[in-house]
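Trainee: Each protein sequence line maps, in turn, to chains A and D. Residue numbering for the first sequence follows the numbering used here, beginning at 1 and increasing consecutively. Residue numbering for the second sequence follows the numbering used here, beginning at 1 and increasing consecutively.
Note that these hints are calculated values from the structure, not bench results. It cannot be assumed that every hint is accurate.
[Unchecked claim] EDC-like mimics (lysine to aspartate or glutamate), calculated; alpha carbons at most 20 Å apart, straight line: (1) D/K205 to A/E78; (2) D/K205 to A/D134; (3) A/K145 to D/D55.
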Amino acid sequence: MTQRDPIFRLEGVTRRYGNLTALDGIDFVAEDNAYIALLGPSGSGKTSLLRVIAGFETPDAGRIWFQGRDITDLPAHERGIGFVFQNFALFPHLTVFENVAFGLRHGAQALPKDEIAERVKSSIEMVGLAGLEDRSPEQISGGQKQRVALARSLVMQPKLVLLDEPLGALDANLRERMQVELRAIRERLDVTFLHVTGSETEALAMGDKVAVLDAGRIVQYDTPDTIYDGPVVSDVAKFLNRFNLFEGILENGIFTGPFGAVPVTNPRQNKSDTYAIRYDRTQIFDAGDANLPGPALPARFLASEYLGSSIIFLFETEDQKTVEVDHHLSLGEPRPLTVGENYTLSWNPEHAIVFGKETAR
Amino acid sequence: MTATSRNRQKKTTFRLLAPGVVWMILFLIAPIMMIVYVSFWTQTTFAINSTLTLDSWKNFFASEAYVGALWTTIRLWLIVLTLTFVIGYPAALYVGLMVKSKTISTVLLVLCVIPFWTSFLIRVLAWRPMLGKEGAINIILQKLGLIQTPIEVLLFSELSVIIGMTQIYVVFMVGPIAFMLGRIDHNIIEAARDLGAGFGRIFWKIIFPLSLPGVVVGAIFVSVMVLGEFATSGALSGRKVNLLGNIIVTQVGSLKWAMASVVGVILTILLGIVVAGFLRIVDLKREI
Chain A
1 MTQRDPIFRL EGVTRRYGNL TALDGIDFVA EDNAYIALLG PSGSGKTSLL
51 RVIAGFETPD AGRIWFQGRD ITDLPAHERG IGFVFQNFAL FPHLTVFENV
101 AFGLRHGAQA LPKDEIAERV KSSIEMVGLA GLEDRSPEQI SGGQKQRVAL
151 ARSLVMQPKL VLLDEPLGAL DANLRERMQV ELRAIRERLD VTFLHVTGSE
201 TEALAMGDKV AVLDAGRIVQ YDTPDTIYDG PVVSDVAKFL NRFNLFEGIL
251 ENGIFTGPFG AVPVTNPRQN KSDTYAIRYD RTQIFDAGDA NLPGPALPAR
301 FLASEYLGSS IIFLFETEDQ KTVEVDHHLS LGEPRPLTVG ENYTLSWNPE
351 HAIVFGKETA R
Chain D
1 MTATSRNRQK KTTFRLLAPG VVWMILFLIA PIMMIVYVSF WTQTTFAINS
51 TLTLDSWKNF FASEAYVGAL WTTIRLWLIV LTLTFVIGYP AALYVGLMVK
101 SKTISTVLLV LCVIPFWTSF LIRVLAWRPM LGKEGAINII LQKLGLIQTP
151 IEVLLFSELS VIIGMTQIYV VFMVGPIAFM LGRIDHNIIE AARDLGAGFG
201 RIFWKIIFPL SLPGVVVGAI FVSVMVLGEF ATSGALSGRK VNLLGNIIVT
251 QVGSLKWAMA SVVGVILTIL LGIVVAGFLR IVDLKREI
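Chain D with its partners taken away, still in its complex shape (with noise of 0.2 Å):
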């Protein structure tokens, strides 16, 4: 290749990053600098000015309300990250791998998106008439003389909440890998059973590591969106359980800007950190 070819192959190629480029400054690094920036500013009661100052930072971890609400947001983001993993992937096992006809696993995985027709925050609510201490369960539970007296820890706990977000986000774990499962040649199996594997070491040495880029995704769509929520913990706990993302609601809600900055840097920090560490397990280049 001679210099003006390659000279001229990059300024094709500069061009045609150069829209991706400038939307991505504008709307996502610029932002975050902003962001960044604001949350070193001096806040005082009513007002907030650009002095720079570390105040929001030390208040932050100062604060036992404000670094709980960080480790009760690892907390359930864990262990909502889990359910959606162990209800989720023998789902998707059944509708990518199980299920012979395409069509009919195309059914079973637009029935998963069918509550996604219904509003955001009707998903969340609808589960208050369910659980609460005259919902559906306890009174299905009384009637079937199962308990005396409703179980009251089913609404506006943390147990509420981690049912909602199960509910509402398995459906992003269940669609990544049933799309990896439905990818593998079933020749490859069926070459396993033949080379004398019986089903436990066929999944567990063929099946799951192929699946794998797909609970990768899985896992990084519902831990994005788990970290951020705020909505789901706001109806279903009735305040009880503070995520960041609450704590960025009412910061916003009293204007305090330079707190809500702090919150949501430490918020995009930690969203990094996981979506890297999931990236180190598989290379989805490769696989995608």
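So that you can see chain A by itself, here it is in the shape it has in the complex (with noise of 0.2 Å):
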């Protein structure tokens, strides 16, 4: 990809609902032609941050930026960004083909009829639903409304498309096979997706790159393999969901937790001092075993989780904190555990990442 302009910029963009701050302060720059991923938990502020760039909603403070001009004062309808609705908000009493067409027909510019004609045609066969053009919005299924609200948003050519929580309405297994189409039918078209979610594995599977949203502000930006090996502080590595996490204390590059205390490079400035490590870097030994990569933690199995690739397994360690160890079955058999007999779980320190107050020497 070539390097051009961003496609847009927050500058300080600060939302506030009465004591509320939903976005504090967030500069952000994106990639023209990226399928970008906003990653955040529950009212983290991603929905707001959608709402402002849209248009819905103005920001207390700060600027936006879209296509090298500022829209801070730009009304929604002159914006010329696609929003794709979390429940498609589809117009019930037009068809399909209605639908579609409604921007064409009552935006800004007046098209020709056949023009409006074939450009909706070609939308709608890019979305792949030629043939249900006459059916109104409550004779289609679910994912053939998410298509609808997509090729609605898309006929208008728009250079951003915002999509909250596109995926959030579907089932598993259609979920799955529109996140495959929503990047094939992006990368056809020179378009940014700013896509909002709060699954994190939606986020990595999608997103050329990731932002990830925390109490309203980005606390990283990066892409999806960078997020997953290196979360710049606890709150990304609690929400990625893959990492063992522990509370302790960080004193002089040592770091003691439950495991005893052991030397640690490189932590990272944090508001608290947190031990990671990843599930699939956890290892188990019997209890006793000297023969350990890395620190001891003693721990009491649980119960186990087939997941076809892998089988999860969860322990509970002395101050009833649950660890989880992910046995990918490409690494062979796992070794036949006992429900509740103690092991000691190890890995090697260099997989760790330690998060602390104390600053890297």
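Got two chains here, each in a separate frame; can you build the complex from them with the hints?
Mentor: Here it is as structure tokens:
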């Protein structure tokens, strides 16, 4: 991808609802022609951010730039930014064709009839709904509604499409298919997708880049693998749902936690002292095994979950904390474990990520 | 489905429907048939007998007063219907769509209903001290120096009947429209905005079509009540405006059952046409 101007840029965007600060001075620059996933827990302000960019809400402070133009004071219908709603928000009294044609018919510039028909037709074909033009929204399935909503936005040929949890209302099977299709459709057009989701797997799977939003701030913006391998703060690690996190005390390069005191290198600046090790980096050993790769964490085996390609083993530490071990089956059969027995969990300390109030030396 | 189970289901359906059907036959179909029957009876000055005749029908259509009343009824109905829509729709738009909080919109709707806590007659008669020659409106306009002599056309005229009816029935227009508007998903309006439509386009292409079932229900409520009206015109027109309802009242009062029945049948047919016409605009079964 060639380097071009950013498609949109946020400068200190702040939005408050009474005492609640939904967006807290967000600075953000989005690449042109990219699939950006915006990941955040519920209440992190991700929908507010989308609504501010679309123009449904005005920020209390900060500016929004779109294609090099300040659009902060521009009303929503003059922005030319696509929006796909979580509940699809199709016009219930119009057919599929009329829904898709709405923006072309009633938008800013009047288009000749046959051009409208042609663009609507190709848009409907692109999302794979040819033949359903005359159905009304209540006569089509959830997945088809999703496609109509997408076609309705894309027919306007926007440079930026905001998708508010677009897969949230679909069942698991359909969700996976739409994930692939959304990416494929985007790649065919010169358009940036900003996809808001609360699901870490969806964000990591779909985004060329992932922005992690927490408490109204973007805490990390990077490629999925960088985020997965190196969350910058413990909240991101927690939200990725792939890390065992241990609270402890970091002092002079020594982390003291439930597994004793271990020396650590390069801790990351954080508001609390936390030690993180990925589920699939955690290994299981017999209690009392002396031949460990690193720290020793005594834990009692609780249960296992078979996921097809891997097995998740759930353990409980002495301080009642659940620890997960992800064993990928391509690494061979897992060792047999007895429920209720004590084992020792260990890992290579090089794989651990340590967050601390104490800055790296 | 087997024949027996289908049969059993049919029986259940019939049993569930029976009370309603019996009720409707006893208290709606039978009385209407009676009225139609009586309208063909022979009426003499002091008596009525069941010899069938077309005399009452002929009398109705021969009399300028009666046919005039039919046209007055239709004219007043159309005026009041238009006014309740023109005044009611913006109010409903505000209550149902503009007010974000559900609590406030409920409070506003209750405020619309509060006048109904007083009796119908009081609500009608209350217009007399408002509209009269020495009524509130004339006094205020004179005090302000806007007029020299009181406006007499305000009371005991067609205008006063229109004002009274509009005030009383406008709420029946506001309610159903506000209800339909309240059901519109705000995301739909935002989606239309996002597609580049300005407020006017959004109103005419999205909001108004989606509220149409409410308009139809409101129009049916208002029409049914206005077409059968007699009290407002009686109290506010000084007997100058005669509606079909007023004729029924006077005919029944003077024991002219046959003529009262004729007017009743005509009114029922008129109502049937109006309601059927409105129902053709929207498929209410699909909407509600």
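Trainee: Please go over all the hints and tell whether each is borne out by the structure.
Mentor: Going through the hints against the structure:
1. D/K205 to A/E78: holds, 18 Å
2. D/K205 to A/D134: holds, 18 Å
3. A/K145 to D/D55: With Cα atoms ~64 Å apart, A/K145 and D/D55 exceed 20 Å; violated.
Comparing the model with each numbered hint stated earlier shows that hint 3 is the single one that does not hold.
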